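J.: Here's the letter readout for the chains.
2 protein chains.
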Amino acid sequence: MPDFATPPISPFAIRFDAEAATLSPEGPTLERRMSDLEGLFADHDAWQAAVADGDPVVYRVQSSPVPEADRELPQSITTIERGTTAGECWMTKGHQHPNHQGEIYLALHGTGGLLMFDGDRVEWLDMTPGTIGYIPPGWAHRSVNVGDEPYSFLAVYPGGAGHDYGWVLEHGMGNRIHRTGDGFALRPYSA
Amino acid sequence: MPDFATPPISPFAIRFDAEAATLSPEGPTLERRMSDLEGLFADHDAWQAAVADGDPVVYRVQSSPVPEADRELPQSITTIERGTTAGECWMTKGHQHPNHQGEIYLALHGTGGLLMFDGDRVEWLDMTPGTIGYIPPGWAHRSVNVGDEPYSFLAVYPGGAGHDYGWVLEHGMGNRIHRTGDGFALRPYSA
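Which chain is which? The protein sequence lines are S and W, in order.
Note that the first sequence ends on residue 191 in full-length UniProt numbering; no numbers are left out.
Note that the second sequence ends on residue 191 in full-length UniProt numbering; no numbers are left out.
Note that these hints are calculated values from the structure, not bench results.
Please note that the accuracy of each hint is not assured.
Since the list can't tell identical chains apart, any single copy or any two copies may satisfy a pair.
To be verified - Capping the alpha-carbon separation at 25 angstroms, the derived lysine to any residue pairs in SDA-like fashion look like this: (1) K93 x A69; (2) K93 x G54; (3) K93 x H109; (4) K93 x S10; (5) K93 x I9.
Source: prediction; values computed, not measured.
Using the sequences and the accompanying hints, generate a full structural model.
T.: Now the structure itself:
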């Protein structure tokens, strides 16, 4: 057997409940409140008002116990609450993998979208239960809740890929997603 | 954006139908007949007789179009037919990843098991729909149908991990899985 920088964990079973959107045993759970999303919504004043008005939870990420270590393949379930900030749909912060590797998202509940940006091209995938969105290496990615209930998805990603949130703050995501009378619309990032 | 040895593919959506055990659009489909499993069942004569008697399909692997290339994250669905060869449950060939990386199997239908072997330790996970079996880097793995209907599972694995089938022919998998009157039993490899 080879040597590993981080000793591999032992085999184990994880219970995946697509209906309840849970993984058990549970690993770390991360909670992102409005205050964690500074600089991401177009309307800074509306964002600030939402932070002052209870600083709501925008999304939660529940991980399995598989560690984010090189050569491992961890999983997580993200649930984005329904909401808008000055018309912009609630979303994840979005990130780039510094060690460029592919990732998959499997939509479980609700109606969402997967926004991807490689610094030049923008791609949008509609995400409904049973859709796997493929995020190729080199594409920053953000999930968006465009529906009327919480949107949940399972992510599977290489543990050594890493998360660079600063890339999105610097480069944006190419588009913004706004709720409209009968659905949603993609608008240029400057809007 | 970085340079890649293999140019990354573009983002795209894959329809995952857990009920039908299909991925669409489809990538390559691989069919393993009894004759492809030479040297893997304990009873060589029984294996040879099954090859002569119609050489049945033991399992099929349907892949998504994500390529098995470094940094990509392909998926596939494997369906193992119900059957035994001299009492030994039908199974996949089993393999080791030469470039050691973790993998997940999500059970979709039927009743199966995930046999893992690191050359020293053996692990067995019962696989029923909703179970994610975690295969850590460094563990050879084989799936087994221990039920009364076809057993299907979704695999997600790093595209650069590779497949070494020879390792299993040389080292075995630590245990063999035999059907018994009321279920199945794990037996030492020499049996």
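J.: For every hint, state whether the structure bears it out.
T.: Now for the hints, and whether the structure bears them out:
{"no.": "1", "hint": "K93 x A69", "verdict": "within (22 angstroms within a copy, 28 angstroms between copies)"}
{"no.": "2", "hint": "K93 x G54", "verdict": "within (19 angstroms within a copy, 56 angstroms between copies)"}
{"no.": "3", "hint": "K93 x H109", "verdict": "within (20 angstroms within a copy, 36 angstroms between copies)"}
{"no.": "4", "hint": "K93 x S10", "verdict": "between (32 angstroms within a copy, 22 angstroms between copies)"}
{"no.": "5", "hint": "K93 x I9", "verdict": "between (29 angstroms within a copy, 24 angstroms between copies)"}
Hint compliance for this structure: every hint is met.
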